[in-house]
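Enquirer: The chain contents come next:
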Amino acid sequence: MAISTIWVLAEASGSTPTSGTLELLTKARSLGASSVAAWIGGDGEAVAGALGEYGATTVYATGDLGGKLPGVAVSAAMAAAIAGGTTPDLILFPQSYTGRDVAARLSVKLDRTVLTNNFDLAVDGDSVTVTTAIFGGNTLVTSSFSGAAPHLALFRPKSFAAESAGGGAATVVAAAVPDLGATGGASVTAVHVEESTGPKLDEADIVVSGGRGLGESGKYEMIEALAKLLKAAPGASRAIVDAGWVPYSYQVGQTGKVVKPNVYIAAGISGATQHMVGMKGSKHIIAINKDKEAPIFGIADLGIVGDVHKVLPKLIEALQGR
Amino acid sequence: MNIVVCVKQIPDPASPGALDASTNTLKRDGKLILDESDSYGVEMALQLAEKAGGGTVSLVSMAPNGEVSGLRTALAMGAAKAVLVSDPALRGSDALTTAKVLAKAVERAGGADLVIAATESSDGYTGTVPEQMAELLGLPSVTFAKKVDIAGGALSVHRQTESGFDEVTCPLPALISVTAGVVEPRYPSFKGIMAAKSKPVDTVTAGDLGVTPVGWAGANQQIVGVAAAEARKAGEVVEDDGEGFTKVVAFLENLKVI
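So the sequences go chain by chain: A and W.
For the first sequence, our numbering assigns the number 37 to the initial residue and increments by one for each residue that follows.
For the second sequence, our numbering assigns the number 78 to the initial residue and increments by one for each residue that follows.
Looking at chain A on its own, in the form it has when it is part of the complex:
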């Protein structure tokens, strides 16, 4: 028996699915499954068109969650559907806050293993294998699922290219969320969106990131100035996010965003494993750091061994004069 049914956990902002969702749908329909369905913790009608275009024939939708966190609600709805006789072979989740929560809760409900942080997926007959990168991306580990279906796997953003299938709108099927009991106790009372100007970090053609080498939070202005001149998105290492210099939404790395821009400029960033995982897929990398032994120079196409406080102002001035 080959793979016949694949579910993809979809996430969306209004009627726009996240790029990670569309990447997984594209991958799912390439695996020769007879049915690809999406799941959404929210309104199905709003996203049926976009999800259908990328290959979902069905959208299982919980409807408005009424402030419940999607992790507990969507996993319960999925488990209920499976208990009702609809068992997929494979469920793909984006490696996101919601994706991790849904997959984790579901893995317990179904007593199945869940494999995270993957960037590749292969199906060969009954065998499903996923691949993850460890040690900052220098070692690739491929694992196969050995238990009964459904197999649960999470994939990092940008693991696959999203391509439209030109499909029509998916059929929306209401998915009931069963009584969650005590587990449903948490509720969202307010949503805050941190405003950012300029291109989005994970979509920008150029990213300029700063790290601890900037020395103090005020010096992050240099990163913003350079980013503005290059029409780039400003980013950051975990160190300065933890230090509170910039919001978490700026973080590039294992626990932050994965970026693959045309040009990535790392200023005052040494290149911890945590950071490199999030940016080593960039097409071109420029690093500026005063420590010539910094690991970032090992992957940079152009490395400037120098003080960011001297190099950046001159670079900014040169670009302003153009």
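Simulated from the structure, these hints should not be mistaken for lab results.
All values reported here derive from a predicted model rather than from experimental measurement.
Keep in mind that a hint or two might mislead.
Derived pair list, reagent style DSS-like, types lysine-lysine, alpha-carbon separation capped at 30 Å [to be verified]:
(1) Lys223(W) to Lys236(A)
(2) Lys223(W) to Lys296(A)
(3) Lys223(W) to Lys128(W)
(4) Lys310(W) to Lys267(A)
(5) Lys310(W) to Lys274(W)
(6) Lys274(W) to Lys326(A)
(7) Lys128(W) to Lys194(A)
(8) Lys267(A) to Lys194(A)
(9) Lys224(W) to Lys236(A)
(10) Lys128(W) to Lys264(A)
(11) Lys319(A) to Lys350(A)
(12) Lys333(W) to Lys264(A)
(13) Lys326(A) to Lys224(W)
(14) Lys223(W) to Lys194(A)
(15) Lys194(A) to Lys264(A)
(16) Lys267(A) to Lys324(W)
Model the placement of chain W on the given structure of chain A, informed by the hints.
Expert: Coordinates of chain W only, in the frame set by chain A:
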């Protein structure tokens, strides 16, 4: 208010990681230290217990080789006691098995009004164990908490999202996973370090907790291949002589992005 904090003892991240060639698991046979990510949870627990007017902060941890040095660090910060599940059979356990073992360890520690974990460990970073534990314990949960308060028997949490944060309320008992930077972890005092030496560490096996099978036997996955990634080659590295910025300008011009 009784709080249980999940802590992991990991190989020093400063030394390069390696896989055991025979099992393809992470080598954890050297000295293990407290995962820095967990120091935030320990600090958060100590602060919340103090704010609630008292209570016990306990630790739960799982390690294949009876290691306690990382636990001693957390005890030195101020936690009162620990349950360590140490069992060679745990080697190769997947995230779900780990969650099953730690959930039982929470019960062994006497249960909790609040369970705190990091969002993910620094060495394995599957990032699913806290939420799996919540499901196993039948608890509501708020993952990726970056600000946490307790008032009137309920948690008030700022939960990280892709675009900002959500304000979330959650009744106790509950589980939260906290991000790095949520609080500033204290350094253990000399007095704390001395006191930690005599704090109780209840060392048990997975079997003692009634969790079987564990390790490879419990994991529904097999590692079928390990390969070196295609290495990214280092390019030109130049010392800044005051004109280093011109190299950057030329590089960008060459790519036609300016």
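Enquirer: It remains to establish, for every hint, whether it holds in the given structure.
Expert: Verification of the supplied hints:
no., hint, result
1, Lys223(W) to Lys236(A), "holds (22 Å)"
2, Lys223(W) to Lys296(A), "holds (27 Å)"
3, Lys223(W) to Lys128(W), "holds (18 Å)"
4, Lys310(W) to Lys267(A), "holds (27 Å)"
5, Lys310(W) to Lys274(W), "violated (48 Å)"
6, Lys274(W) to Lys326(A), "violated (42 Å)"
7, Lys128(W) to Lys194(A), "violated (43 Å)"
8, Lys267(A) to Lys194(A), "holds (21 Å)"
9, Lys224(W) to Lys236(A), "holds (25 Å)"
10, Lys128(W) to Lys264(A), "violated (44 Å)"
11, Lys319(A) to Lys350(A), "holds (24 Å)"
12, Lys333(W) to Lys264(A), "holds (17 Å)"
13, Lys326(A) to Lys224(W), "violated (34 Å)"
14, Lys223(W) to Lys194(A), "holds (26 Å)"
15, Lys194(A) to Lys264(A), "holds (25 Å)"
16, Lys267(A) to Lys324(W), "holds (19 Å)"
Against the hints set out earlier in the document, violations occur for numbers 5, 6, 7, 10 and 13.
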